[in-house]
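Residues per chain, in single letters:
There are 2 protein chains.
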Amino acid sequence: MFRERMNADEAGELFLKAFAPLSDTENLPIEDCDGRIIAENITAGIDVPQYRRAAMDGFAVRAGDTLGAGGNSSVVLKLAMAVQKGTCARVHTGSPIPDGADAVVMLEDAVLRGESVEIFAQLHPGKNVGETGEDIRKGEIILKEGKILRPCDIAVLAALGIRNIAVFRKPLVVVIPTGEELVSRESTSLREGEVYETNGLMAALYVRKWGGIPRLLEIVEDDPEKIKDAISSNLDADMFITSGGTSVGKRDYVPGVVGSMGTLLVHGVGISPGKPTALGIINGKPVVCMPGYPVAGIVALYFFARAALRKLGHIPDESDRKVRAVLSGKIPGRTGYKTFARVKLETPYLNTGSKAIPLAVSGAGILSSVSKADGFVIIPENVEGYDKGEEVEVVLIE
Amino acid sequence: MFRERMNADEAGELFLKAFAPLSDTENLPIEDCDGRIIAENITAGIDVPQYRRAAMDGFAVRAGDTLGAGGNSSVVLKLAMAVQKGTCARVHTGSPIPDGADAVVMLEDAVLRGESVEIFAQLHPGKNVGETGEDIRKGEIILKEGKILRPCDIAVLAALGIRNIAVFRKPLVVVIPTGEELVSRESTSLREGEVYETNGLMAALYVRKWGGIPRLLEIVEDDPEKIKDAISSNLDADMFITSGGTSVGKRDYVPGVVGSMGTLLVHGVGISPGKPTALGIINGKPVVCMPGYPVAGIVALYFFARAALRKLGHIPDESDRKVRAVLSGKIPGRTGYKTFARVKLETPYLNTGSKAIPLAVSGAGILSSVSKADGFVIIPENVEGYDKGEEVEVVLIE
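One line per chain: the protein sequences are A and B, in this order.
Counting from 1 along the first sequence, just add 1 to a position and that's the residue number in the working numbering.
Counting from 1 along the second sequence, just add 1 to a position and that's the residue number in the working numbering.
One or more hints might be untrue.
One copy or two, it doesn't matter: identical chains are merged, so the pair holds either way.
Unchecked claim - Here are the computed lysine-lysine pairs in the BS3-like style, where the Cα-Cα straight-line distance is at most 25 angstroms:
no.	residue 1	residue 2
1	Lys373	Lys356
2	Lys323	Lys373
3	Lys128	Lys210
4	Lys345	Lys312
5	Lys145	Lys345
6	Lys18	Lys128
7	Lys356	Lys323
8	Lys312	Lys86
9	Lys345	Lys331
10	Lys389	Lys227
11	Lys356	Lys227
12	Lys251	Lys331
13	Lys86	Lys148
14	Lys323	Lys345
15	Lys251	Lys323
16	Lys145	Lys373
These are calculated hints, taken from the structure and not from any lab test.
Source: prediction; values computed, not measured.
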């Protein structure tokens, strides 16, 4: 039977404390590392740039030679390849500055007259000169272990001439849909009492989106031995997600199986929908048991599976996409539960000021209500609800 | 030479008006459609569920038979397979409800005694019964053209037994890095005056992240003919991004080439950094010319290339990931420019209340300043800047 209902945050904490992140890494070409988590500190092996460079198109000069030049007066320097007293050299943005030079006159402040350049600005040494290592200094730690790599970070690695780096391995997540009413997408029609499997597919796609590698198994019947077998034959997994069979009915075997193969930490959580969620550990690996009801299932995925995946894969907590919106109707909370109320935005993608329309739906069984929703308004355990006209934060459903 | 500096929003509007979205679609298995844009309205071909289902584990009954039952009084019904006056049948959450029944008694309100069930609740017809089509009604339009598909939407398609759908083709974006100082990542060392190519790689990775297919070309020299050739030999592209050669120097040929092959719409934009950005159209296809300076380049990507990609690919404007933070120092704007100031967050991923530390960097040439930044604070054209202690919105750099 159901255990006591546990507070959602406490359940999350208990669960996340019970397993360790993956330690193994893989070495990949940098261009394949967008969104991956770097598993080593990266120290710059070279200066970037490796030479003094012009910050402007113009003429490299000795600053001393421009003394007295200005809007109304000029100095004239001879155009040359090398720069010494009395000469200057053509430079382009980013090109090396010849040895003798210590400043660059902008094109706008110079007039080329045959072999000579008339200069109308007085420069101080260093003007328009990018020093060696001004971008990245050799020996500097430029990226730290645990950082999520963005294209701009990969560009920095490229600037250093680094071609491969170590990133943490992606967690392999085995997804096990259970339920004898389920049939696979391969079936072309349904008999009475049958529904197409959707939760397992949804879980697998969220796993992929959130940085894991999903392995979606075939549908397993409501039979403890078969559920056990499905887990035992996939012990290479880093995490398990089951769907269905978590309630109090005669056919709800999943939490029992988790308990018999490992530790059932939590069964019954203060999230609404999602109360029948169960959490456990098998062979040191986290197991999230989604309720079969699809809305409850997605809440369990967002609240527990994503957090577990992030811990396993060293993935930092990214802030959710959120907008602020004004409720067009009341949404009730449920005392003792963190309530995930689905809302539709009148103007999606408006960051603020859109209307949030509560989706009046009866139950956790209405999958289409999630698809119609743009996001969740999360009502804390101790809040009675939000009123029409209140401004709320909407966590967009990815 | 440079055209007049154009206001950033005007430039964007002019540019986006000048080309049309892609019209072609592809048909894909639903499990490959996460993040894709649906290219047709989807009408439900079946009811979901196709039968009346139990919303609870318990016993299916005729509601009339429970008249008078309650906490202190009970009625006794005979357990049977079919439900008629005086009998009830065992049902599980989600299982079909036998024909004669019109309500389900929860397990908690019933006690099984041998072949009989004692019932302690009076039910109204429909109690704990999910009607046929309660989730999705046959004939209902369940997903509309232009919607970005999320895992929960794909689950809805699966529930309908739909296995393939039409989505808009991903735009093919040809990325052309230009500049004779550039060398490819394949080089194991740099000579004086050389730097590794980074902007093209960064642009290609952002294109992929934002829903396009990048084709990153080899580095092209600063030679108008060679730039022209690179474009001409890739006219299967839906969009072009060039990097470098957009300034006023002798070697800055890119905007001229765009003008000679098509229309140069904009050269010089009020974004800082990023003023030398150029925008044009070749063969009806958008061309974004990123300045060679990497920070200017990324601003041009975020501001123009992403918008163009979204328009081409029918991708809705997703709201950015944003946080609110308090500035730990002043950041100056630049009159007439939309200024993209890089900031580091003291506590990244905190949604509000973190300190935003302005990155004091001299110029647009410092790639590492983007990698060190968590996001941009965008200062509008008519704002002088933001002061230390002000709360600002930080657009996180993906």
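Could you place Lys345 and Lys312 in one of the four classes (within, between, both, neither) given a Cα distance threshold of 25 angstroms?
between (31 angstroms within a copy, 23 angstroms between copies)
Status of Lys323 relative to Lys356 across identical chains (alpha carbons, at most 25 angstroms):
Both ways: Lys356 and Lys323 sit 14 angstroms apart in one copy and 19 angstroms across, limit 25 angstroms.
Reference check for the pair Lys323 and Lys373, CA-CA at most 25 angstroms: within, between, both, or neither?
both (17 angstroms within a copy, 24 angstroms between copies)
Reference check for the pair Lys145 and Lys373, CA-CA at most 25 angstroms: within, between, both, or neither?
between (40 angstroms within a copy, 11 angstroms between copies)
Between Lys128 and Lys210, at a C-alpha cutoff of 25 angstroms, which is it: within one copy, between copies, both, or neither?
neither (48 angstroms within a copy, 38 angstroms between copies)
Homomeric proximity label, Lys345 with Lys331: Cα distance no greater than 25 angstroms
within (13 angstroms within a copy, 38 angstroms between copies)
Go through the copies and call it for Lys323 and Lys345: within, between, both or neither, with a Cα cutoff of 25 angstroms.
Answer is both; intra-copy 13 angstroms and inter-copy 20 angstroms each pass.
Is it within, between, both, or neither for Lys86 and Lys148, if the alpha carbons may be no more than 25 angstroms apart?
neither (49 angstroms within a copy, 67 angstroms between copies)
Intra- versus inter-subunit Cα pairing at 25 angstroms for Lys312 with Lys86:
Answer is neither: 62 angstroms inside a copy and 56 angstroms across each miss the 25 angstroms cutoff.
My question is about Lys145 and Lys345: at a cut-off of 25 angstroms on alpha-carbon distance, are they close within one copy, between copies, both, or neither?
Classified as between: cross-chain Cα gap 15 angstroms, same-chain 40 angstroms, threshold 25 angstroms.
Is it within, between, both, or neither for Lys356 and Lys227, if the alpha carbons may be no more than 25 angstroms apart?
This pair counts as neither: shortest intra-copy Cα distance 47 angstroms, inter-copy 52 angstroms.
Pop the pair Lys18 and Lys128 into one bin, within, between, both or neither, using alpha-carbon distances up to 25 angstroms.
neither (55 angstroms within a copy, 41 angstroms between copies)
Comparing the model with each numbered hint stated earlier shows that hints 3, 6, 8, 10, 11, 12, 13 and 15 do not hold.
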